[in-house]
Amino acid sequence: MQSEMIKRAKELLASGEVARVVGWKAGEFDYDITPGVFTTAEELDSAFLYNDLCEANLSKYMIAQSRKEGKTLVFLKPCDTYSFSQLLKEHRILRENVYVIGVPCDGKVDVDTVKATGLTGICSMTSDGETVTVKTLYGDSTMSKADAMSERCINCKSKKHVVYDELLGEEGDVVADNHRFDMVEKIEAMTPDERFEFWRNELSRCIRCNACRNVCPACSCEKCVFDNEQSGAFNKGASDSFEENMFHIIRAFHVAGRCTDCGECSRVCPQNIPLHLLNRKFIKDINELYGEYQAGENADERAPLNTFTTEDVEPSIVYERGGKQ
Amino acid sequence: MFTLPVSKLNDLFAAVASTRKLYLPVDDEASGHAEYKVWHEGVTLSNALNTARSAKDFFFPQTENLVDFKMEGKTIEVIDTRTESEDFVVFGVRACDARSFDILDRVFLAEPVDSYYKNRREHGVIVTLACTRPEETCFCTVFGIDPTNPAGDVSGWIAGENLYLSANTEKGEAFLSSVSKLLAESDDEAVKAQQAEVKEILKKLPLGSLDLTPFKPENLLKLFDSKRWKDLSEACLGCGSCTFVCPTCQCYDIRDFDTGHGIKRYRCWDSCMYSDFTRMAHGNPRLTQVERFRQRFMHKLVYYPSNNEGIYSCVGCGRCLAKCPISMNIAKVIKALGEEA
Amino acid sequence: MDLETLIPKVGVVTDIRIDTPDVKTFRVVGLDGNKLFEHMPGQCAMLSIPGVGEAMFSITSSPTNKEFMEFSIKKCGCLTSWLHMMEPGQQITVRGPYGNAFPVETALKGKDLLFIAGGIGLAPLRSVINYVRDKRDQYGDIQVIYGSRSKADLVDYQEIINEWMADPGVEVNLTIDREEEGWDGHVGFVPNFVKELSPDLNKTVLLCGPPIMIKFTLAGLKELGFTETQVYTTMELRMKCGVGKCGRCNIGDKYVCKDGPVFRFDELDELPNEY
Numbered sequence: 001m002q003s004e005m006i007k008r009a010k011e012l013l014a015s016g017e018v019a020r021v022v023g024w025k026a027g028e029f030d031y032d033i034t035p036g037v038f039t040t041a042e043e044l045d046s047a048f049l050y051n052d053l054c055e056a057n058l059s060k061y062m063i064a065q066s067r068k069e070g071k072t073l074v075f076l077k078p079c080d081t082y083s084f085s086q087l088l089k090e091h092r093i094l095r096e097n098v099y100v101i102g103v104p105c106d107g108k109v110d111v112d113t114v115k116a117t118g119l120t121g122i123c124s125m126t127s128d129g130e131t132v133t134v135k136t137l138y139g140d141s142t143m144s145k146a147d148a149m150s151e152r153c154i155n156c157k158s159k160k161h162v163v164y165d166e167l168l169g170e171e172g173d174v175v176a177d178n179h180r181f182d183m184v185e186k187i188e189a190m191t192p193d194e195r196f197e198f199w200r201n202e203l204s205r206c207i208r209c210n211a212c213r214n215v216c217p218a219c220s221c222e223k224c225v226f227d228n229e230q231s232g233a234f235n236k237g238a239s240d241s242f243e244e245n246m247f248h249i250i251r252a253f254h255v256a257g258r259c260t261d262c263g264e265c266s267r268v269c270p271q272n273i274p275l276h277l278l279n280r281k282f283i284k285d286i287n288e289l290y291g292e293y294q295a296g297e298n299a300d301e302r303a304p305l306n307t308f309t310t311e312d313v314e315p316s317i318v319y320e321r322g323g324k325q
Numbered sequence: 001m002f003t004l005p006v007s008k009l010n011d012l013f014a015a016v017a018s019t020r021k022l023y024l025p026v027d028d029e030a031s032g033h034a035e036y037k038v039w040h041e042g043v044t045l046s047n048a049l050n051t052a053r054s055a056k057d058f059f060f061p062q063t064e065n066l067v068d069f070k071m072e073g074k075t076i077e078v079i080d081t082r083t084e085s086e087d088f089v090v091f092g093v094r095a096c097d098a099r100s101f102d103i104l105d106r107v108f109l110a111e112p113v114d115s116y117y118k119n120r121r122e123h124g125v126i127v128t129l130a131c132t133r134p135e136e137t138c139f140c141t142v143f144g145i146d147p148t149n150p151a152g153d154v155s156g157w158i159a160g161e162n163l164y165l166s167a168n169t170e171k172g173e174a175f176l177s178s179v180s181k182l183l184a185e186s187d188d189e190a191v192k193a194q195q196a197e198v199k200e201i202l203k204k205l206p207l208g209s210l211d212l213t214p215f216k217p218e219n220l221l222k223l224f225d226s227k228r229w230k231d232l233s234e235a236c237l238g239c240g241s242c243t244f245v246c247p248t249c250q251c252y253d254i255r256d257f258d259t260g261h262g263i264k265r266y267r268c269w270d271s272c273m274y275s276d277f278t279r280m281a282h283g284n285p286r287l288t289q290v291e292r293f294r295q296r297f298m299h300k301l302v303y304y305p306s307n308n309e310g311i312y313s314c315v316g317c318g319r320c321l322a323k324c325p326i327s328m329n330i331a332k333v334i335k336a337l338g339e340e341a
Numbered sequence: 001m002d003l004e005t006l007i008p009k010v011g012v013v014t015d016i017r018i019d020t021p022d023v024k025t026f027r028v029v030g031l032d033g034n035k036l037f038e039h040m041p042g043q044c045a046m047l048s049i050p051g052v053g054e055a056m057f058s059i060t061s062s063p064t065n066k067e068f069m070e071f072s073i074k075k076c077g078c079l080t081s082w083l084h085m086m087e088p089g090q091q092i093t094v095r096g097p098y099g100n101a102f103p104v105e106t107a108l109k110g111k112d113l114l115f116i117a118g119g120i121g122l123a124p125l126r127s128v129i130n131y132v133r134d135k136r137d138q139y140g141d142i143q144v145i146y147g148s149r150s151k152a153d154l155v156d157y158q159e160i161i162n163e164w165m166a167d168p169g170v171e172v173n174l175t176i177d178r179e180e181e182g183w184d185g186h187v188g189f190v191p192n193f194v195k196e197l198s199p200d201l202n203k204t205v206l207l208c209g210p211p212i213m214i215k216f217t218l219a220g221l222k223e224l225g226f227t228e229t230q231v232y233t234t235m236e237l238r239m240k241c242g243v244g245k246c247g248r249c250n251i252g253d254k255y256v257c258k259d260g261p262v263f264r265f266d267e268l269d270e271l272p273n274e275y
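Chains as they are written, first to last, in the numbering used here: chain G, 1 to 325; chain W, 1 to 341; chain B, 1 to 275.
Read the hints as simulated data drawn from the structure, not as lab findings.
Watch out, some of these pointers could steer you wrong.
In silico DSS-like cross-links for lysine-lysine, where the CA-CA straight-line distance does not exceed 27 Å [said to hold, decoys possible]:
1. G:Lys135 with W:Lys332
2. B:Lys75 with W:Lys74
3. W:Lys74 with B:Lys203
4. W:Lys37 with W:Lys21
5. G:Lys115 with W:Lys203
6. G:Lys115 with W:Lys216
7. G:Lys236 with W:Lys118
8. G:Lys115 with W:Lys204
9. W:Lys37 with G:Lys10
10. G:Lys71 with W:Lys227
11. W:Lys230 with G:Lys7
12. W:Lys181 with W:Lys37
13. W:Lys222 with B:Lys215
14. B:Lys135 with B:Lys35
15. B:Lys24 with B:Lys9
16. W:Lys230 with G:Lys223
17. B:Lys9 with W:Lys70
18. G:Lys68 with W:Lys227
19. W:Lys332 with W:Lys230
20. W:Lys37 with G:Lys236
21. B:Lys35 with W:Lys70
22. W:Lys230 with G:Lys10
23. G:Lys236 with B:Lys24
24. W:Lys118 with B:Lys222
25. G:Lys135 with W:Lys203
26. G:Lys68 with W:Lys8
27. W:Lys118 with W:Lys37
28. B:Lys222 with W:Lys222
29. B:Lys9 with G:Lys236
30. G:Lys135 with W:Lys204
31. G:Lys10 with G:Lys71
32. B:Lys215 with B:Lys195
33. G:Lys223 with G:Lys236
34. W:Lys74 with B:Lys35
35. W:Lys74 with B:Lys24
36. W:Lys181 with W:Lys199
37. W:Lys8 with W:Lys171
38. B:Lys111 with B:Lys75
39. B:Lys66 with W:Lys74
40. G:Lys115 with W:Lys118
For clarity, every value in this text was computed on a predicted model and none was experimentally measured.
The task is simple: from the sequences and hints, build the whole structure.
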């Protein structure tokens with residue numbers, strides 16, 4: 001796949017159809033891949049990379065890249081296309097300046113997941129699609145790819161691209177039978193006190209680095225309220241720990257109905273806070289209260305939280321339909 | 001040098017904790033990380049190489065109250081809320097973080113001295129632990145740090161079935177004598193053997209040969225004007241992960257918080273990677289992420305050494321390598337700019 | 001002494017003078033009625049209204065004034081707007097003094113001095129001008145070239161007319177950007193005015209104003225034959241915590257809070273162009 005992608009990128013650069021290519025760049029240890037912008041065939045040859053370790057969702061970069069002169073080619077995995085499509089719906093990306101090539105993905109290997117198995121000193125990590133071979137300072141080992149994937153890929157919601165100009169490889173399908181709400185259900189089953197305790201514990205680790213917000217394709221405000229001194233919600237360091245918690249809850253509210261569940265927030269969190277669970281709770285609630293809805297799936301469809309219908313639930317009905325807080 | 005069987009570690013912790021707060025790296029189940037926590041009966045020392053957050057928090061916490069104000073009509077009352085810090089011991093600090101305190105000292109203890117920092121620094125005893133299983137992201141040796149011989153008030157080694165301790169400062173001597181009942185005198189054979197063994201591993205560290213020679217004050221303008229900053233920073237999200245997990249990043253902001261009963265003026269960590277870091281009423285001298293990204297690395301590799309006898313303000317702990325959402329980091333910057341120089 | 005850097009003192013605003021439509025000059029003393037602290041010309045102080053914020057301002061009054069300190073402040077942000085709404089008797093908090101000063105006791109001693117200011121840029125220079133006027137015999141010629149958008153925007157206009165212009169040892173040249181009724185002085189921008197006046201090349205220049213005015217005035221001075229080693233300016237707008245620790249004020253490896261705010265242009269030349 002990688003060589004096909006490089007070939008297409010070179011052709012499009014050479015023909016002048018695109019001025020630059022957004023893809024993934026090799027790092028020091030196979031796993032530390034950086035999103036990168038390529039403008040020449042030489043750069044593509046020397047550093048462009050696509051494999052089972054390319055986790056980053058590149059769609060948000062297109063907000064800035066699509067405003068540059070000339071078209072930008074971007075490679076998007078199926079789940080990235082949902083974010084891209086949602087950004088189009090929100091008029092954040094100039095579609096005419098982007099050339100999207102959809103690339104297949106059957107789940108990504110996640111270095112933190114591999115490290116959590118106890119391996120240390122990982123100098124190299126490769127995947128052949130079935131098995132992951134890990135070379136460390138202290139010896140080599142292998143594991144099945146399924147054991148090396150993060151939860152978001154294990155519970156993949158779709159292998160189908162919702163937007164593209166061109167597709168490489170075979171198109172997949174929506175994964176109807178995913179278990180992405182299992183953990184949400186577990187948290188719902190907790191007592192309010194247990195649930196409060198669970199989130200207080202998780203969120204207490206927050207160092208307020210804003211990585212979750214800055215990586216989030218749904219967080220595309222030009223000026224975040226938390227950065228705006230005039231907003232009344234300005235809050236850089238927590239003056240108390242409860243405020244820290246509020247940051248995440250307010251952020252989850254703000255992306256509700258727009259979050260495509262790409263899982264980048266949890267991937268980038270340096271403190272391993274399962275932030276995606278907050279978003280999934282909203283997705284699950286929207287599904288239950290307003291009918292099944294997948295943000296980003298359809299760029300023309302109106303979002304349930306932006307549309308009033310006489311069928312909409314009243315707050316009292318929310319309570320009646322199970323009263324799930 | 002003194003020694004204590006590892007099986008008696010709990011007794012040591014209990015003895016220390018009976019007189020003051022003892023912090024040590026503990027495995028946190030929810031995050032899967034090791035973090036410094038207060039010891040109490042039942043808490044065990046983590047085997048992890050290092051904590052996710054650095055040890056700088058002990059002296060430079062993420063947020064701290066500086067002063068309170070009471071406002072009434074046109075009058076202001078300034079309330080100095082400072083109190084003498086409690087004595088505390090941090091056990092299990094690695095060599096990289098131990099060096100970071102020297103780097104922070106040169107900022108906070110330089111005139112005018114920061115009394116908040118100094119207060120905690122004076123009341124803290126640092127007991128280090130030598131590394132035995134470095135990670136691929138470790139490159140402290142590049143900065144002249146020997147992870148098998150960590151600094152601190154007391155240096156420590158866990159070799160075989162024993163913990164070895166050796167005091168480096170007066171505070172360290174006092175600490176050892178406070179727990180002397182538990183300790184036996186010992187030679188340093190076991191420690192030396194372990195050091196030799198770990199040094200063999202250090203030779204294999206993939207980032208152990210990073211070349212810092214281009215990063216000197218004479219090259220300031222040349223490095224500043226490098227063409228590489230643009231592509232290196234291109235994917236930077238402008239978040240503060242690298243700065244907040246960094247043991248030497250010490251930039252801060254001062255903010256006021258209206259509690260409804262008065263004003264609390266607090267200090268909190270700030271990040272040069274944030275878009276509004278240098279924004280003030282007059283404007284912002286660093287308008288794009290390229291400039292902010294460059295500031296962070298120029299500060300660590302050129303500006304700080306230029307003002308501090310060539311000492312770099314990076315200790316090679318590797319936290320930013322492990323935590324950057326886009327895997328861009330100081331090692332890549334050193335390599336890229338080095339190639340150019 | 002426990003040098004407490006971040007805990008401020010309480011000051012009382014005893015007098016507020018309206019200078020221009022957006023500049024007011026505040027007179028500040030301690031709770032005991034005396035000056036809060038001594039300073040040198042060019043040094044700054046951190047003023048704050050708790051709950052609103054703190055910000056750095058150059059001390060406009062001369063150290064030779066033993067009774068009070070003054071700050072000329074332009075309304076341009078949250079804190080300054082608040083300050084402009086104050087009434088006399090209001091307490092504020094003050095910490096300082098911060099930064100280096102114009103080298104009035106060393107490099108400037110005995111020199112012919114040329115002060116060039118634009119708009120609120122007169123604020124930091126006023127301290128020096130009054131200092132050297134009070135120690136007149138220790139300095140050579142004193143010339144002030146000052147311009148603003150309009151007559152109403154000239155800061156300290158009454159002091160300039162009544163004291164500086166009346167002082168035989170001081171030459172004052174004023175200019176405003178556009179013609180207006182009741183103004184028979186020079187009209188035009190400061191950089192051009194400096195070139196027209198073509199001041200003597202052995203003068204040492206203290207230059208302060210908006211960045212664009214500094215840029216063109218410096219270019220003009222160079223055209224006239226001045227060298228960068230003759231020209232000083234102040235960068236106090238880059239100061240944040242005041243003590244060189246918060247990490248914002250650096251220009252390359254120089255910290256404006258510690259190495260500045262007063263710099264000579266040849267020193268700035270060696271630094272990255274990030275100011």
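Here is what the structure says about each hint:
1. G:Lys135 with W:Lys332: Measuring from Cα to Cα gives roughly 21 Å; hence the hint holds.
2. B:Lys75 with W:Lys74: Roughly 20 Å between the alpha carbons, so the hint for Lys75 (chain B) and Lys74 (chain W) holds.
3. W:Lys74 with B:Lys203: violated (46 Å)
4. W:Lys37 with W:Lys21: holds (10 Å)
5. G:Lys115 with W:Lys203: It holds: about 22 Å lies between the C-alpha atoms, which stays within 27 Å.
6. G:Lys115 with W:Lys216: Between Lys115 (chain G) and Lys216 (chain W) the Cα gap is close to 36 Å, so the pair fails against 27 Å, i.e. violated.
7. G:Lys236 with W:Lys118: Holds: Lys236 (chain G) and Lys118 (chain W) sit about 24 Å apart, inside 27 Å.
8. G:Lys115 with W:Lys204: holds (20 Å)
9. W:Lys37 with G:Lys10: violated (53 Å)
10. G:Lys71 with W:Lys227: holds (23 Å)
11. W:Lys230 with G:Lys7: holds (25 Å)
12. W:Lys181 with W:Lys37: holds (25 Å)
13. W:Lys222 with B:Lys215: With Cα atoms ~23 Å apart, Lys222 (chain W) and Lys215 (chain B) stay inside 27 Å; holds.
14. B:Lys135 with B:Lys35: holds (20 Å)
15. B:Lys24 with B:Lys9: holds (22 Å)
16. W:Lys230 with G:Lys223: holds (23 Å)
17. B:Lys9 with W:Lys70: Holds: Lys9 (chain B) and Lys70 (chain W) sit about 13 Å apart, inside 27 Å.
18. G:Lys68 with W:Lys227: Status holds; Cα separation ~19 Å.
19. W:Lys332 with W:Lys230: Cα-Cα ~13 Å, so holds.
20. W:Lys37 with G:Lys236: Distance of about 24 Å is within 27 Å: holds.
21. B:Lys35 with W:Lys70: holds (23 Å)
22. W:Lys230 with G:Lys10: holds (22 Å)
23. G:Lys236 with B:Lys24: Violated, at about 32 Å.
24. W:Lys118 with B:Lys222: Measuring from Cα to Cα gives roughly 48 Å; hence the hint is violated.
25. G:Lys135 with W:Lys203: holds (17 Å)
26. G:Lys68 with W:Lys8: Roughly 64 Å separates the two Cα atoms, so the pair is violated.
27. W:Lys118 with W:Lys37: With a Cα-Cα distance of about 22 Å, the restraint between Lys118 (chain W) and Lys37 (chain W) holds, given a limit of 27 Å.
28. B:Lys222 with W:Lys222: Holds: Lys222 (chain B) and Lys222 (chain W) sit about 26 Å apart, inside 27 Å.
29. B:Lys9 with G:Lys236: holds (26 Å)
30. G:Lys135 with W:Lys204: holds (13 Å)
31. G:Lys10 with G:Lys71: Measuring from Cα to Cα gives roughly 14 Å; hence the hint holds.
32. B:Lys215 with B:Lys195: holds (14 Å)
33. G:Lys223 with G:Lys236: Since the Cα atoms of Lys223 (chain G) and Lys236 (chain G) sit roughly 14 Å apart, the hinted pair holds (cutoff 27 Å).
34. W:Lys74 with B:Lys35: holds (19 Å)
35. W:Lys74 with B:Lys24: It holds: about 19 Å lies between the C-alpha atoms, which stays within 27 Å.
36. W:Lys181 with W:Lys199: Not OK: Lys181 (chain W) and Lys199 (chain W) at ~33 Å, beyond 27 Å, violated.
37. W:Lys8 with W:Lys171: Holds. Lys8 (chain W) to Lys171 (chain W) sits at ~23 Å (cutoff 27 Å).
38. B:Lys111 with B:Lys75: violated (35 Å)
39. B:Lys66 with W:Lys74: holds (25 Å)
40. G:Lys115 with W:Lys118: violated (37 Å)
Going through the hint list in order, the structure does not satisfy hints 3, 6, 9, 23, 24, 26, 36, 38, 40.
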